[in-house]
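S.K.: The residues making up each chain are set out below.
4 protein chains.
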Amino acid sequence: MTSEDGREARPGNAGAGRGVNLKSAEAFVFPVRVYFEDTDAAGIAYYASYLRFLERGRTEWLRALGYGQEALREHTGIGFAVRSLAIEYLKPARLDDELLVVSRLREVARVRLVFDQRIERAGALLAQASVRVACVELKSMKPAALPRALRQTFGCLA
Amino acid sequence: MTSEDGREARPGNAGAGRGVNLKSAEAFVFPVRVYFEDTDAAGIAYYASYLRFLERGRTEWLRALGYGQEALREHTGIGFAVRSLAIEYLKPARLDDELLVVSRLREVARVRLVFDQRIERAGALLAQASVRVACVELKSMKPAALPRALRQTFGCLA
Amino acid sequence: MTSEDGREARPGNAGAGRGVNLKSAEAFVFPVRVYFEDTDAAGIAYYASYLRFLERGRTEWLRALGYGQEALREHTGIGFAVRSLAIEYLKPARLDDELLVVSRLREVARVRLVFDQRIERAGALLAQASVRVACVELKSMKPAALPRALRQTFGCLA
Amino acid sequence: MTSEDGREARPGNAGAGRGVNLKSAEAFVFPVRVYFEDTDAAGIAYYASYLRFLERGRTEWLRALGYGQEALREHTGIGFAVRSLAIEYLKPARLDDELLVVSRLREVARVRLVFDQRIERAGALLAQASVRVACVELKSMKPAALPRALRQTFGCLA
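Protein sequences, first through last, are from chains A, B, C and D.
Numbering (our numbering) for the first sequence: 1 to 158.
Numbering (our numbering) for the second sequence: 1 to 158.
Numbering (our numbering) for the third sequence: 1 to 158.
Numbering (our numbering) for the fourth sequence: 1 to 158.
A couple of the hints might just be wrong.
In this list, chains with the same sequence are indistinguishable; a pair is considered to hold if it fits within one copy or across any two.
20 Å max Cα-Cα, derived SDA-like pairs, lysine to any residue [to be verified]:
id : residue 1 : residue 2
1  : K142      : T76
2  : K139      : E107
3  : K139      : L90
4  : K139      : R56
5  : K139      : A81
6  : K139      : P31
7  : K139      : A27
8  : K142      : D116
9  : K139      : V108
10 : K142      : P31
11 : K139      : R118
12 : K142      : G155
13 : K142      : R56
14 : K91       : I78
15 : K139      : H75
In case anyone wonders, no lab produced these hints; they're calculated from the structure.
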């Protein structure tokens with residue numbers, strides 16, 4: 001059940017108990033487990049797996065604010081595309097590790113969001129990233145203004 | 001903290017609240033969310049993604065019994081390798097779906113486990129699979145007898 | 001440049017030199033290299049990676065017959081969805097292995113194809129699979145009759 | 001067949017015909033096809049897929065110089081771990097696209113390599129990245145000096 005702007009009727013319920021949504025400028029924390037699928041023959045998490053973890057963190061952050069991406073697409077035709085990112089890999093994650101993806105919205109502009117994200121294990125920082133995301137009209141993949149409701153929601157967080 | 005047979009001191013704690021471990025012959029249920037990483041350009045979950053979900057189900061089943069795979073490897077040198085599987089794809093999973101992976105151990109032999117697994121969404125069956133897994137000595141990838149403790153644990157479930 | 005039925009003007013050119021398209025009932029052979037992305041912490045190719053390799057084999061088989069899937073989608077709205085598969089993993093593939101995906105169309109029906117596929121390394125059989133694929137109308141994911149031109153092309157091969 | 005430093009007897013043969021190894025400071029070009037596995041529900045290549053493509057480019061660059069990573073590991077115990085990367089996504093890649101991964105070694109130090117990499121389609125730049133890679137002792141994942149032979153080989157290219 002979603003309203004016309006793509007906001008789900010029961011915001012964040014699906015992620016409840018899994019993500020912790022701190023208020024305002026604070027960080028959103030989402031747990032991720034490392035499975036075989038995430039590792040490689042060097043015995044550690046493959047470097048592209050971290051980008052999958054980071055996206056789960058951003059997706060659950062958005063869901064905790066009440067917006068599922070599939071519902072957004074259906075109701076507004078917009079979505080998000082990563083425009084650039086920089087990531088530092090500090091310590092390797094390993095099979096069975098339980099990681100935390102810590103996401104913080106640093107900047108909101110008309111068509112753009114910038115996130116600071118960290119991947120941690122038991123308090124140790126494994127990776128940190130800065131990710132620039134554009135709001136796009138999904139059919140054309142062209143930049144689109146953030147829907148007003150999202151911008152207001154995000155504006156309170158950055 | 002793990003004992004000598006690779007059993008974790010606090011069985012299943014990491015999965016607590018996420019997997020539900022039913023007793024004996026009953027099924028183990030683990031939730032999985034569909035993210036962009038799992039989908040493809042046809043707009044649905046990619047067919048290989050289901051194998052990743054199934055493995056998460058088996059891994060969390062094992063963890064709920066007290067065995068992490070990384071700890072098993074360190075302490076016993078053994079692990080599990082899929083020998084064969086058959087899967088039917090009945091209905092597509094889509095972005096943002098919350099799925100349940102339902103795993104049931106059907107058969108235990110000296111070096112082999114057979115699982116029946118299902119992927120469900122809100123009560124609908126999306127996929128069902130039968131997966132034959134061998135216990136292997138990880139260095140050589142040769143078949144190895146299941147450690148006695150595991151076999152006893154599994155024996156009560158099949 | 002594609003014709004109205006989605007057949008590319010220069011059939012198979014992009015795959016030329018990489019796949020070998022044998023006539024009629026014979027097998028189509030496509031090479032695949034094992035990279036870190038395909039492996040896991042057990043030091044071997046992850047079991048879901050084989051499904052990615054098998055799909056590359058089927059996709060390049062189709063391309064060698066003159067049909068790109070993106071062009072098919074644009075021109076006919078149809079695509080292919082795997083309905084079921086059975087796979088046996090006989091020997092592990094490892095990092096840097098150069099594999100051959102050997103694909104053979106076993107059966108063609110109005111809305112369905114069945115493939116026998118093998119993954120080989122230097123003459124050794126690593127995995128074998130049987131894959132049932134449905135022709136679907138991509139918007140609805142409902143079964144659709146194979147376009148006549150494809151059926152004629154496939155009919156000569158099975 | 002590999003020599004003691006892990007160099008393959010027939011340098012680059014496996015990549016022959018697929019990668020083009022330009023001399024000295026010039027770029028190494030490796031083709032990559034976009035399959036369903038690489039795409040997501042937005043209809044384009046998933047943002048982490050580009051990291052897989054970039055790694056294939058670096059791996060084939062190394063192979064063209066005569067070094068397979070599996071052979072390196074066996075003979076020297078060393079490997080490569082990405083320490084950081086920055087990537088810009090300029091235009092989306094789509095299903096069936098044939099891409100070129102263009103890799104150029106920009107810097108060689110005692111334990112570190114820096115690559116400039118681009119992903120192109122028919123002359124259009126889709127993505128560009130800078131990737132810092134450390135030479136590591138694989139058992140410990142600690143930094144290790146590049147083997148002398150590699151350093152000499154690389155030194156002529158940067």
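S.K.: Hint by hint, say whether it matches the structure.
M.R.: Outcome of the hint check:
1. K142 x T76: within (14 Å within a copy, 25 Å between copies)
2. K139 x E107: So K139 and E107 fail the 20 Å test inside a copy (25 Å) and across (36 Å) alike.
3. K139 x L90: Close across copies (17 Å), not inside one copy (37 Å); limit 20 Å.
4. K139 x R56: Neither: 23 Å inside a copy, 26 Å across copies.
5. K139 x A81: within (12 Å within a copy, 23 Å between copies)
6. K139 x P31: Close neither inside one copy (32 Å) nor across copies (27 Å); limit 20 Å.
7. K139 x A27: neither (31 Å within a copy, 35 Å between copies)
8. K142 x D116: neither (24 Å within a copy, 27 Å between copies)
9. K139 x V108: neither (23 Å within a copy, 34 Å between copies)
10. K142 x P31: Neither, since 32 Å and 27 Å both go past 20 Å.
11. K139 x R118: neither (31 Å within a copy, 25 Å between copies)
12. K142 x G155: Classified as neither; 22 Å inside a copy, 42 Å across copies.
13. K142 x R56: neither (23 Å within a copy, 29 Å between copies)
14. K91 x I78: between (36 Å within a copy, 17 Å between copies)
15. K139 x H75: both (13 Å within a copy, 17 Å between copies)
Of the numbered hints given earlier, the model fails hints 2, 4, 6, 7, 8, 9, 10, 11, 12 and 13; all others are met.
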